[in-house]
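Trainee: Please model the complete structure; the sequences and the hints are all you need to start from.
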Amino acid sequence: MRAISHPSPNFGPRRDGLQPSLIVLHYTAMPDPDEALTRLCDPEHEVSAHYLIYRDGRLFRMVEEDQRAWHAGAGSWRGMDDINSRSIGIEIDNDGASPFSEPQMCTLEQLLSGVMTRWDIPPAAVIGHSDMAPGRKFDPGPRFDWARLARQGLAVCSGTSGSIGDPSFDTFRSCAAKLGYPTDIDDATLLAAVRLRHRPWGEGALSEDDFAALPSPSHFLA
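One point on numbering: in the numbering used here, the residue at position 164 of the sequence shown is 247, and numbering is uninterrupted.
Quick caveat, the hints were computed from the structure, so don't treat them as lab data.
Derived Cβ-Cβ restraints for the label pairs, each shown as a range:
(1) Thr121 to Pro300: 39 to 47 Å
(2) Glu148 to Pro114: 27 to 35 Å
(3) Asp203 to Gly242: 20 to 28 Å
(4) Asp165 to Ile87: 23 to 31 Å
(5) Gly245 to Glu118: 39 to 47 Å
(6) Ala288 to Ser88: 47 to 55 Å
(7) Pro92 to Glu291: 43 to 51 Å
(8) Thr121 to Pro182: 18 to 26 Å
(9) Gly95 to Pro250: 38 to 46 Å
(10) Arg85 to Arg226: 26 to 34 Å
(11) Asp292 to Asp117: 35 to 43 Å
Ideal Cβ placement from N, Cα and C applies to all residues, glycine included.
Mentor: Here it is, written out as structure tokens:
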């Protein structure tokens, strides 16, 4: 798979000698992918990503993988900040409400496989923008097919947690923290962020279904 080179000036060196250990997936939330590409390469906007995938499956590379693209912004994952220095950012042409196309999912799968191999990134470290920035970001959104990636070992599999024990919010918060979610947020924001990834159509108060939707504890931090 060949990426079309379209360099962005919006990048810099990774700080403190860090190398990619995460992959963050985004949607563009723009009606035209050409406009998104222009924005990601415009120094006035000071945003970028390593890759952009069009709905027709074309892949554009804007920043080299060993450099720090400006895609993640404020947030954290597994207690780590400066996610830009720790991650590869992939933008996907989507408005947040539409299904993702088959060509772009095929391209994403090939891209993920290569990036994960090159940088020794495990499935548990493939996350959404909404995972590391709860309440601030919502991409790649409820229509994104995480289960498809999980079946190929490109993301963690939801709904494999088994019995958790006490179904209280304290327990849920503990599970979310072990998965990597930032927990310096209110209960409603945390629940919405976890649901967006693992139970996107869940509604109402915390329930046993929310616990059942979590990944296996083998993906939790020790």
